[in-house]
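Asker: Chains as they are written, first to last, in our numbering: chain A, 3 to 543; chain B, 32 to 387.
Because the hints were derived from the structure by calculation, they are not lab data.
As the structure is a computational prediction, the values presented were derived from the model and not from experiment.
Zero decoy hints are in this set.
Computed from the model, here is a short list of chain B residues facing chain A with C-beta under 8 Å:
id : residue
1  : 200
2  : 259
3  : 265
4  : 296
Ideal Cβ placement from N, Cα and C applies to all residues, glycine included.
Residue-level listing of the chains:
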Amino acid sequence: MNGRKKLLRSGVWRLAALVMAAVLALGLAGCGAGRQEAGGDDVFGSGGVTLRILSGSENRELAPILERYAREKGVTIVMDYQGSLDIMRALQAEETPYDAVWPASSLWISAGDTHHRVKHAQSVSVTPVIFGIRESLARQLGFVGREVSVGDILAATRAGELSFCMTSATQSNSGCSAYIGFLYAMLGSPDVLTADALAEPALAEEMQALLAGVDRSSGSSDWLKDLFLAGDYDAMVNYECLIISANRELEAQGRETLYAVYPYDGLSLADSPLGYVDGGSEEKEQAFLDLQAYLLSGEVQDEIQRTGRRTGYEGVSEENREVFRADWGLQPDRVLSPIRMPASDVLFQCLDLYQTSFRKPSLTVYCLDYSGSMEGEGSSQLVDAMAQVLIQENAARHFLQASQSEVNIVIPFASEPLAAWAAVGNGAELEALYAQVESQPVGGGTDLYAAVAQGLQLLEGYDLSQYTPAVIVMSDGMSGGSMDGFLAAYERLGQDVPVFSILFGEADPTQLEELARATNGRVFDGREDLVAAFRSVKGYN
Amino acid sequence: MRAMKAKPKVIGFVLLLAVVAAAAIYLLAGGGRRPAALRGYVGGEKIGVLEDEEIAGIFRNRYGLTLDYAKAGSLDMVTADLSGQDFLFPSSQTALEYYQQLHGQPAKSEIVFNTPLVLYTRRPVLQALAGAGLVREEDGCCYMDMDALADALLEGVRWADLGLEELYGPLAVSTTDPAKSNSGNMFAGLLANVLCGGVADAASVQDVLPRLQLIFSRLGYMETSSSDLFDQFLKTGMGAKPLVAGYESQLLEFAVQNPEDWAAIGDDIVMIYPSPTVWSAHVFIALDEAGAAGIDALMDADVQRLAWEKHGFRTAVSGTGDDAARFGVSGLARQITRVVPMPAYDAMDQIITALS
Numbered sequence: 003m004n005g006r007k008k009l010l011r012s013g014v015w016r017l018a019a020l021v022m023a024a025v026l027a028l029g030l031a032g033c034g035a036g037r038q039e040a041g042g043d044d045v046f047g048s049g050g051v052t053l054r055i056l057s058g059s060e061n062r063e064l065a066p067i068l069e070r071y072a073r074e075k076g077v078t079i080v081m082d083y084q085g086s087l088d089i090m091r092a093l094q095a096e097e098t099p100y101d102a103v104w105p106a107s108s109l110w111i112s113a114g115d116t117h118h119r120v121k122h123a124q125s126v127s128v129t130p131v132i133f134g135i136r137e138s139l140a141r142q143l144g145f146v147g148r149e150v151s152v153g154d155i156l157a158a159t160r161a162g163e164l165s166f167c168m169t170s171a172t173q174s175n176s177g178c179s180a181y182i183g184f185l186y187a188m189l190g191s192p193d194v195l196t197a198d199a200l201a202e203p204a205l206a207e208e209m210q211a212l213l214a215g216v217d218r219s220s221g222s223s224d225w226l227k228d229l230f231l232a233g234d235y236d237a238m239v240n241y242e243c244l245i246i247s248a249n250r251e252l253e254a255q256g257r258e259t260l261y262a263v264y265p266y267d268g269l270s271l272a273d274s275p276l277g278y279v280d281g282g283s284e285e286k287e288q289a290f291l292d293l294q295a296y297l298l299s300g301e302v303q304d305e306i307q308r309t310g311r312r313t314g315y316e317g318v319s320e321e322n323r324e325v326f327r328a329d330w331g332l333q334p335d336r337v338l339s340p341i342r343m344p345a346s347d348v349l350f351q352c353l354d355l356y357q358t359s360f361r362k363p364s365l366t367v368y369c370l371d372y373s374g375s376m377e378g379e380g381s382s383q384l385v386d387a388m389a390q391v392l393i394q395e396n397a398a399r400h401f402l403q404a405s406q407s408e409v410n411i412v413i414p415f416a417s418e419p420l421a422a423w424a425a426v427g428n429g430a431e432l433e434a435l436y437a438q439v440e441s442q443p444v445g446g447g448t449d450l451y452a453a454v455a456q457g458l459q460l461l462e463g464y465d466l467s468q469y470t471p472a473v474i475v476m477s478d479g480m481s482g483g484s485m486d487g488f489l490a491a492y493e494r495l496g497q498d499v500p501v502f503s504i505l506f507g508e509a510d511p512t513q514l515e516e517l518a519r520a521t522n523g524r525v526f527d528g529r530e531d532l533v534a535a536f537r538s539v540k541g542y543n
Numbered sequence: 032m033r034a035m036k037a038k039p040k041v042i043g044f045v046l047l048l049a050v051v052a053a054a055a056i057y058l059l060a061g062g063g064r065r066p067a068a069l070r071g072y073v074g075g076e077k078i079g080v081l082e083d084e085e086i087a088g089i090f091r092n093r094y095g096l097t098l099d100y101a102k103a104g105s106l107d108m109v110t111a112d113l114s115g116q117d118f119l120f121p122s123s124q125t126a127l128e129y130y131q132q133l134h135g136q137p138a139k140s141e142i143v144f145n146t147p148l149v150l151y152t153r154r155p156v157l158q159a160l161a162g163a164g165l166v167r168e169e170d171g172c173c174y175m176d177m178d179a180l181a182d183a184l185l186e187g188v189r190w191a192d193l194g195l196e197e198l199y200g201p202l203a204v205s206t207t208d209p210a211k212s213n214s215g216n217m218f219a220g221l222l223a224n225v226l227c228g229g230v231a232d233a234a235s236v237q238d239v240l241p242r243l244q245l246i247f248s249r250l251g252y253m254e255t256s257s258s259d260l261f262d263q264f265l266k267t268g269m270g271a272k273p274l275v276a277g278y279e280s281q282l283l284e285f286a287v288q289n290p291e292d293w294a295a296i297g298d299d300i301v302m303i304y305p306s307p308t309v310w311s312a313h314v315f316i317a318l319d320e321a322g323a324a325g326i327d328a329l330m331d332a333d334v335q336r337l338a339w340e341k342h343g344f345r346t347a348v349s350g351t352g353d354d355a356a357r358f359g360v361s362g363l364a365r366q367i368t369r370v371v372p373m374p375a376y377d378a379m380d381q382i383i384t385a386l387s
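Just chain A, same shape as in the assembly:
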């Protein structure tokens, strides 16, 4: 009986595998322009064994090393970049379509590897999560040349003397680490965070006030650095190595550099573990071990250290001290004594609280394309995507829940804006919004500029200092109309509101990329993995 069941099950698996293969083949065939053949955010080398690695975005900086290795060894390395929490979720899923994972911290492998598929995990480098503050401001605040506590930083924030940007605590390891550090400080530095302590009402008030001062929350650490460089901000919370990298860029541009501040009671370490996801292929396992051995070899560890990461067992070498510049506040010899991350159940409770109650409420205007070209697949993809955020049961699975006071506005458009529906909070209004999204008919021409301009106009009616505002366009991008009206509206608003786009259907990204460039926004490809793209957009606001 048992054997029979097993046989049946393996039959089902075989069928599933066939279906998967067919779907994959179709997906690849249907893949539009602009994606490399092997897929992935970065593809290094060609031919030979292919290693697909799901990695935190901070490892983008190691691209030259991976590229050189792939070329010399005749292997292909495909890198996909996601936040550490997404990497955890990818491991938890039934199927993990990667050969290796490389999150920022081993915490996320431990929490995610419920199927025991990860082996050979080894830390490649270590870097602490710290504050980088404009040097003159750091001096003015008295943060130079002395030990600084999280409380000191929070006091400066409360006094309006400092504002900073950080990544989303529910998407990215660096944001999560910083947020846990804030919780410890606000709760009076307990030995460890507990569920009881989190329930304190004073905490919610204090945390909301703090997060209201957060400039913008990006979903990934490397993108936060780019955002920082593109904008005009006071400070950011990020990995020490990315603060170093930002400073190199700032210095090259002749701009003021950041001063590194290590809060002694709120420090976290990212140990950057690279682990193999066992899919049963000996060839891949060997290719993985070869790559890992290369990355851990003395020479390459030294090269990685020169990117501002701490490697090896002996700390920063004499030759590399110039990378960790004292005039930037860097302390290569500091004993890095981090706070304790709470047990996973408490950690996830912290993240839920961040999402639903603590973070600055988002004010999101969705401009949804209902023009004729979206008919069929494009439109159904769009409605499915909206179901992932508006229906709270779905949203909770990815820490994308709406908070109690956030505002969501939907502007359906074709050749002109067709309506403007608003929903406040995370209750019935939000569900009703989804019903409207679902029942809106498709047809007519396209003018996405008019819709975005109207969205900006609606934002004028809100006190934007109380929200994290963003516009999200979901479209196939082929629009008539002109950008001028939009630019005029953007100028009139005079606020830093990013316009994000998610592409659907037979998409052309050109126009949407223009919008993103003009507004510090970003374009995502909804055709590859729609839900993941959408989740990223949500994480960035």
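Here the structure of chain A is known, so what remains is to put chain B in place on it, guided by the hints.
Answerer: Frame of chain A; chain B shown alone:
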């Protein structure tokens, strides 16, 4: 047409050649005794043994076996999906008893390696601990006074109180999750013994559970693998993991396998034997007949010798030669004498439940 007639002979010859060639290839590729692949779960600290080419060669050539493993915590593996698995290779008797509780008697089981539970720290921390009277040196080995350590952990003594201003937070021994992984589990069992003033049993353990919970609750997030914890101890520096619980074998293996790194950091890394300590008994649990062959291979005299010499697991051959010189690890005890048995399964079960 005439050519056709000559052909059968040629074809016959070609066929013969093909058969000979195929036979040769077959023999070269393993002589028909294709190694049987055993699948199972193994605790991370033994992966070095299973990945050892020399040991794998003995498995292949003498026993016709290869081991295909997935890493799992000693207790986690017992509740994992066991379909298609031939063995479990946890690090304690507790895991075996847990298995018996859930699944009944396994096909076969045997303790193949031993290693004592130890504490790892760095030189400056050792000095502070010794200054506070927690650690004593004897015959070149360091011993932790477990009664005094338990008191300090319960009192919430801070690192700064011991003179280590650069370390943030309370004195703590970082362990793996005692509900999932063996080294943490054994440290919890050892602490229970210390708090009970003898080997904890199902009745006496109840009294000490709240104190155990207090000590472990302070640790927050815990790793699920002893090897990951040890890797972090070495790589994240003194500040992140000032004092961790692990196996003696881990440092010995590291020193043998990474001589250059060990030469660089060996002076800073210190092994402390808890007094008393507990033995980690690495039990090979065969889930089926095929798995039972794995026990014979692991008990092979050469495998046992290599397990000690290259991976630091104590076997019949350990403690017989000049071991300290072999590993280059100072403070390696020749014999482990102050040992207390782990609490029996019913007491451990209560501990695991309380700490879950």
